[in-house]
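Number of protein chains: 4
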Amino acid sequence: MLHSEVSDEIVHEAKRRVLEGMGLIVLHSGHYSKLFKALMGTTCSLNWRESTDKERVWTVAPGHPVAAGLPPHFEIPMEEMYGEPFGIPEPEELVFISWFTGGEVFRSGAAWKRGNGRVFYFRPGHETYPTYHQPEVQRVISNAVHWARPTVRIPDTCPNMPPLEPLPPDPEAAERPTIGHR
Amino acid sequence: MLHSEVSDEIVHEAKRRVLEGMGLIVLHSGHYSKLFKALMGTTCSLNWRESTDKERVWTVAPGHPVAAGLPPHFEIPMEEMYGEPFGIPEPEELVFISWFTGGEVFRSGAAWKRGNGRVFYFRPGHETYPTYHQPEVQRVISNAVHWARPTVRIPDTCPNMPPLEPLPPDPEAAERPTIGHR
Amino acid sequence: MLHSEVSDEIVHEAKRRVLEGMGLIVLHSGHYSKLFKALMGTTCSLNWRESTDKERVWTVAPGHPVAAGLPPHFEIPMEEMYGEPFGIPEPEELVFISWFTGGEVFRSGAAWKRGNGRVFYFRPGHETYPTYHQPEVQRVISNAVHWARPTVRIPDTCPNMPPLEPLPPDPEAAERPTIGHR
Amino acid sequence: MLHSEVSDEIVHEAKRRVLEGMGLIVLHSGHYSKLFKALMGTTCSLNWRESTDKERVWTVAPGHPVAAGLPPHFEIPMEEMYGEPFGIPEPEELVFISWFTGGEVFRSGAAWKRGNGRVFYFRPGHETYPTYHQPEVQRVISNAVHWARPTVRIPDTCPNMPPLEPLPPDPEAAERPTIGHR
Chain Z
50 MLHSEVSDEI VHEAKRRVLE GMGLIVLHSG HYSKLFKALM GTTCSLNWRE STDKERVWTV
110 APGHPVAAGL PPHFEIPMEE MYGEPFGIPE PEELVFISWF TGGEVFRSGA AWKRGNGRVF
170 YFRPGHETYP TYHQPEVQRV ISNAVHWARP TVRIPDTCPN MPPLEPLPPD PEAAERPTIG
230 HR
Chain F
50 MLHSEVSDEI VHEAKRRVLE GMGLIVLHSG HYSKLFKALM GTTCSLNWRE STDKERVWTV
110 APGHPVAAGL PPHFEIPMEE MYGEPFGIPE PEELVFISWF TGGEVFRSGA AWKRGNGRVF
170 YFRPGHETYP TYHQPEVQRV ISNAVHWARP TVRIPDTCPN MPPLEPLPPD PEAAERPTIG
230 HR
Chain A
50 MLHSEVSDEI VHEAKRRVLE GMGLIVLHSG HYSKLFKALM GTTCSLNWRE STDKERVWTV
110 APGHPVAAGL PPHFEIPMEE MYGEPFGIPE PEELVFISWF TGGEVFRSGA AWKRGNGRVF
170 YFRPGHETYP TYHQPEVQRV ISNAVHWARP TVRIPDTCPN MPPLEPLPPD PEAAERPTIG
230 HR
Chain B
50 MLHSEVSDEI VHEAKRRVLE GMGLIVLHSG HYSKLFKALM GTTCSLNWRE STDKERVWTV
110 APGHPVAAGL PPHFEIPMEE MYGEPFGIPE PEELVFISWF TGGEVFRSGA AWKRGNGRVF
170 YFRPGHETYP TYHQPEVQRV ISNAVHWARP TVRIPDTCPN MPPLEPLPPD PEAAERPTIG
230 HR
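Chains as they are written, first to last, in our numbering: chain Z, 50 to 231; chain F, 50 to 231; chain A, 50 to 231; chain B, 50 to 231.
I should point out that these hints are in silico values taken from the structure, not numbers from a laboratory.
Hints may be right or wrong, so weigh each one.
A pair counts as met if it fits within one copy or between any two copies, since identical chains are not told apart.
Said to hold, decoys possible - DMTMM-like, lysine to aspartate or glutamate: derived pairs with alpha carbons at most 20 Å apart:
#, residue 1, residue 2
1, K83, E62
2, K83, E58
3, K103, E221
4, K103, E224
5, K162, E62
6, K83, D57
7, K162, E141
8, K83, E54
9, K162, D205
10, K103, E214
11, K103, D219
12, K103, E176
Isolated chain Z (complex conformation):
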């Protein structure tokens, strides 16, 4: 299914659920999914090449839960290359950076909170290579799912609130808006 074939309604609904507290794990070419772009607010563009590159993934935040049990670095024998600049907001936590044979680097594992939900992007995973059969890759995904699991579900509201402390008298109170926020 092409990204463009995902309906805006589904994207809107999924985004709402993430902001309420549901986690989201975005893999590989999901960087260009409507949902990830809508949560990031940026282009999410990058450089790419499908060839014979090897990828070496470096753990830059060894204490992060998504890196639990991972070695200082691991290799994926053949992978599509993604290179910087990657059009994302500054990661709140950068966990992995990749090295590619062809001379490029990439922020391969990055975490953000959006609303009450957690978002993790993980780069590897091109469909023509056996990347997802590799234990290190499986471990990252499994860790990320655990890390991003929902702990709250808080619906969106934008309420008119009465004061918690006494206010000066308000002669115009009757004319002021109390419902809706423009």
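Could you slot chains F, A and B onto chain Z? The hints should help.
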């Protein structure tokens, strides 16, 4: 003009320009503009009240360019209250926090980079009060415009890139995609 | 015990353990402890007043684990006031902001990673008031202890590393340093 | 001069000046200077190798002032290798990432605010190579000096503050501390 009356095309185009490097200053109820919400990726919701609150704006980052020349705190004699939680991504730089008579607090001045552009949100400014005539408020806006001024304009691309270092031979090269990124 | 009476050796050792992965919860006047200042790298100064202020703590990140089970806001009937500006690095996650009767605000709950450990600062707790008997305060501290619990212990190293990919020949190899990093 | 030969008094004084608003540019092995470690609060350790590596520096934040006029990537023909993990706090702005022939990556350009000052770390510069004669390296350093230039000088204080709003009566006022903060 209501936020909902701004066409999606204009929002898309303005967002593109911000990401290319144009700055954006968002004031008061602009928190609910389509453009700000699209750049933040979150609800941008808050609590609010139109009454007789006084607002006291505290400078929490006195060394930030947007706070240049501002005192440690200043008061706006009457203002619409905006209260936490404010549905934004973690500010990259938090410059102002407001205190309200009714007992609320709010992250009133916050900065983010999005793509190559800079975004500053500043809370004060309700249309029924003379907020924008106050020198401190004018100073913040003027500082923010200066801080967010464009220094680059970089169009979005997502190119297929040849390697910079020699790669192993690729017998399948002829069959690999070289244009488009899904 | 005064902060100044804590020996530099103990501070150094405790800091080392935090960076290896041990969490740290800093309460109230611990903002001026040698350990917190050494981990933050900043002054950690603030404005303060011991009087009859009420403190209202607002949850600004309701989805954060340290805010689990907490209401949107809670009050501490009498507390020492701490006011902005607070001389800390930008919090990686800002969880609570306080409102004080006297007109001040404060970033009362803030989280950072330092090395492989997690640090949480929580403002309330003056020794002449029964703050620590309040269930909300106990809940925050309990949540923070859970959130900051160690998951790794990684000793500091700065090793000389052999290459993972072939390098060009190095005629001067014999003369190059292989131990110590200046 | 060895890092260990710099006196603690000079480090303390220089740190104070940075926090007051003076900028700081840290180059190459300055990662292990007492001053940089004191401002970061972390180990600042890394992996390293002095051999025949080439370094390719990638600009990951092309809109950042420190990257002004720089190409998407540039090469340093021979350089000491620094590899991840680099023991720093999460950069507030990550501007450059390096690729090395031997298979490593490194966060080569990173920015933080500390107090009222700005700190930029830039990796290249080993003394046995002509790195500082390269125009791109000179451009980065020149940009960084401009970016980090002081705009304020704010001395450290931790004052007892009178309230800005009326407080309830305080029968114990005479016994409360008004000077010093422990």
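Cross-check of the supplied hints:
{"no.": "1", "hint": "K83 with E62", "verdict": "both (12 Å within a copy, 17 Å between copies)"}
{"no.": "2", "hint": "K83 with E58", "verdict": "both (11 Å within a copy, 16 Å between copies)"}
{"no.": "3", "hint": "K103 with E221", "verdict": "between (70 Å within a copy, 16 Å between copies)"}
{"no.": "4", "hint": "K103 with E224", "verdict": "between (68 Å within a copy, 19 Å between copies)"}
{"no.": "5", "hint": "K162 with E62", "verdict": "within (18 Å within a copy, 26 Å between copies)"}
{"no.": "6", "hint": "K83 with D57", "verdict": "both (8 Å within a copy, 15 Å between copies)"}
{"no.": "7", "hint": "K162 with E141", "verdict": "both (8 Å within a copy, 11 Å between copies)"}
{"no.": "8", "hint": "K83 with E54", "verdict": "within (10 Å within a copy, 23 Å between copies)"}
{"no.": "9", "hint": "K162 with D205", "verdict": "within (16 Å within a copy, 25 Å between copies)"}
{"no.": "10", "hint": "K103 with E214", "verdict": "between (63 Å within a copy, 11 Å between copies)"}
{"no.": "11", "hint": "K103 with D219", "verdict": "between (69 Å within a copy, 12 Å between copies)"}
{"no.": "12", "hint": "K103 with E176", "verdict": "within (15 Å within a copy, 32 Å between copies)"}
In summary, this structure violates none of the numbered hints.
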